[in-house]
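6 protein chains.
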Amino acid sequence: MENWLNSLFTETPQDGFELAIKLSRMGVKYTQPTKEILKKGREQYGEDAQFLITASHVIATNFRTIADTNNYWLTA
Amino acid sequence: MENWLNSLFTETPQDGFELAIKLSRMGVKYTQPTKEILKKGREQYGEDAQFLITASHVIATNFRTIADTNNYWLTA
Amino acid sequence: MENWLNSLFTETPQDGFELAIKLSRMGVKYTQPTKEILKKGREQYGEDAQFLITASHVIATNFRTIADTNNYWLTA
Amino acid sequence: MENWLNSLFTETPQDGFELAIKLSRMGVKYTQPTKEILKKGREQYGEDAQFLITASHVIATNFRTIADTNNYWLTA
Amino acid sequence: MENWLNSLFTETPQDGFELAIKLSRMGVKYTQPTKEILKKGREQYGEDAQFLITASHVIATNFRTIADTNNYWLTA
Amino acid sequence: MENWLNSLFTETPQDGFELAIKLSRMGVKYTQPTKEILKKGREQYGEDAQFLITASHVIATNFRTIADTNNYWLTA
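Chains as they are written, first to last, in this note's numbering: chain G, 1 to 76; chain W, 101 to 176; chain L, 201 to 276; chain Z, 301 to 376; chain C, 401 to 476; chain D, 501 to 576.
Hints are computed from structural coordinates only; laboratory data are not their basis.
Here the structure is a predicted model, which is why all the values come from computation and not from measurement.
There could be a bad hint or two in this list.
Unchecked claim - Here are a few chain C residues that face chain D, going by a calculated C-beta distance under 7 Å:
1. Pro413
2. Ile421
3. Pro433
4. Glu436
5. Gly446
6. Ala449
7. Gln450
8. Leu452
9. Ile453
10. Ser456
11. His457
12. Ala460
13. Arg464
14. Ala467
15. Tyr472
Claimed, not checked - In silico BS3-like pairs for lysine-lysine, Cα to Cα no more than 27 Å straight-line:
16. C:Lys435 <-> Z:Lys335
17. W:Lys135 <-> G:Lys39
18. D:Lys539 <-> D:Lys529
19. L:Lys239 <-> Z:Lys329
20. G:Lys29 <-> W:Lys129
21. C:Lys429 <-> C:Lys439
22. D:Lys522 <-> C:Lys422
23. Z:Lys335 <-> C:Lys422
24. G:Lys22 <-> D:Lys535
25. C:Lys435 <-> D:Lys522
26. L:Lys222 <-> L:Lys239
27. Z:Lys335 <-> Z:Lys322
28. G:Lys40 <-> W:Lys140
29. L:Lys240 <-> W:Lys122
30. W:Lys122 <-> L:Lys222
31. G:Lys35 <-> W:Lys135
32. W:Lys122 <-> L:Lys239
33. D:Lys522 <-> D:Lys539
34. G:Lys39 <-> W:Lys129
35. D:Lys540 <-> C:Lys439
36. L:Lys240 <-> W:Lys139
37. W:Lys140 <-> W:Lys122
38. D:Lys529 <-> C:Lys439
39. L:Lys235 <-> Z:Lys329
40. C:Lys440 <-> Z:Lys339
Glycine included, each C-beta is placed from N, C-alpha and C at the ideal position.
Required output: the full structure, derived from the provided sequences and hints.
Printed below as a string of structure tokens:
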């Protein structure tokens, strides 16, 4: 895998949330590296509310880690 | 994406809970940005108890992060 | 939404557990604010063990936040 | 609800694990207080592996809270 | 239940991971104590990927508690 | 089981994320040690979006533990 994660620090909470999304997607990509399959799955499940809310749960879990890292962006 | 998250600090626990809801919804919206699909999903699944309780779980996970940020609103 | 959450502090662990239940229910209510739909869902799913155990998971997640807030009720 | 939770402190890790089980069950019981329905559900789902592993997840989440409370039973 | 959990301390991270597996299994066993039913369930679901990944989630949750206990095996 | 986990410390966040993936896979492998069954399951479920997003959740949970261990790679 190419280099994609050098730091958990971000400038703003929103940047941190978007990094959490990236981690969540990379967790999927490492588990299923074939691009075509991923794309097909996204088309099928992107309309499924249970899938979407679970995706949001994964993002929340990763965001917790990133928010801790950044001391909740106390000086922001 | 427009600017939507500048701070995890809120004045009251209830404001924090409502911010947790916003984070949970944004996790869904980033995963499925098409408004019409989201609306259709909400109509279908808004009556599904398993979906609703999972949504509450995501909110709880985000609320934990926000409560930590605000030191549990100790002075509230 | 009316004012419903002023503090995460409670006198006893049991009060804290019951507040965790309230947070879990409010997470559902914010996601589906229509009372009649909620009532129908509760009738359908209140007998479903998978729903009940997931509800207990949400409560556990919220209880963690509240127990931390109250320093685990160290003087109780 | 009668008084059932006075403290999160236990003497041993195993006592703490068993208290975590109690919290997990009470989360179910508060959500569905009718005893007959609970009993029927337990008969139906007690053989379902997905239910059992989810129950174990709830216990793990509650155990974390209790282990923190007891400082991981450092003197045990 | 016999005595099965005296301490959350382990010598190595791998021992801690294996203790996390034990806690996860005990969570199932307390919920369904009948051995024959457990064995049948394991045969049915041991091939189900959704069950296996959920089991891994429970282990991850318990491992977090044990890693905290052992201060992440800092001297290892 | 052979020796496979000596330390939770890694040089970079990405190495930590990849170790989180390894822990998630080992949680599956301990639960279902038969290689052929695991391979069959991976073929069947590797295209299932709900499975993939749950796998990403397990990775997120393990990554939290590893990020804590490494003090969020503060000097990275």
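Taking only the CA atoms, is the gap from Lys222 (chain L) to Lys239 (chain L) under or equal to 27 Å?
-> Status holds; Cα separation ~16 Å.
Closer than 7 Å between Cβ atoms is the bar; does Ser456 (chain C) clear it against chain D? Give me holds or violated.
-> holds, 3 Å
Going by Cβ atoms only, is Ala449 (chain C) closer than 7 Å to chain D?
-> This hint holds: Ala449 (chain C) lies near chain D, its Cβ roughly 4 Å from the closest one there, short of 7 Å.
Sort out whether Lys139 (chain W) lies within 27 Å of Lys240 (chain L), counting only the CA atoms.
-> holds, 21 Å
Agreement of Lys540 (chain D) and Lys439 (chain C) with the hint, judged by alpha carbon distance not exceeding 27 Å | Status holds; Cα separation ~21 Å.
For the hint on Leu452 (chain C), just tell me whether its beta-carbon gets within less than 7 Å of chain D.
-> holds, 5 Å
Pairwise hint evaluation, Lys122 (chain W) against Lys140 (chain W), where the allowed Cα distance is 27 Å at most | holds, 19 Å
Interface restraint verdict for Gln450 (chain C) against chain D (beta-carbon cut-off 7 Å) = holds, 6 Å
Hinted pair Lys239 (chain L) and Lys329 (chain Z), Cα distance within 27 Å = Satisfied, since the Cα-Cα distance of roughly 18 Å is no more than 27 Å.
Verify the proposed pairing of Lys522 (chain D) with Lys539 (chain D), using a straight-line Cα cut of 27 Å.
-> The given pair, whose Cα atoms are some 16 Å apart, holds under the 27 Å limit.
Under the criterion that the straight-line Cα-Cα distance not exceed 27 Å, is the pair Lys40 (chain G), Lys140 (chain W) satisfied?
-> Holds, at about 20 Å.
Quickly compare the C-alpha distance for Lys135 (chain W) and Lys39 (chain G) to 27 Å and report which way the hint goes.
-> holds, 20 Å
When each numbered hint is compared with the structure, violations occur for hints 3, 4, 23, 24 and 25.
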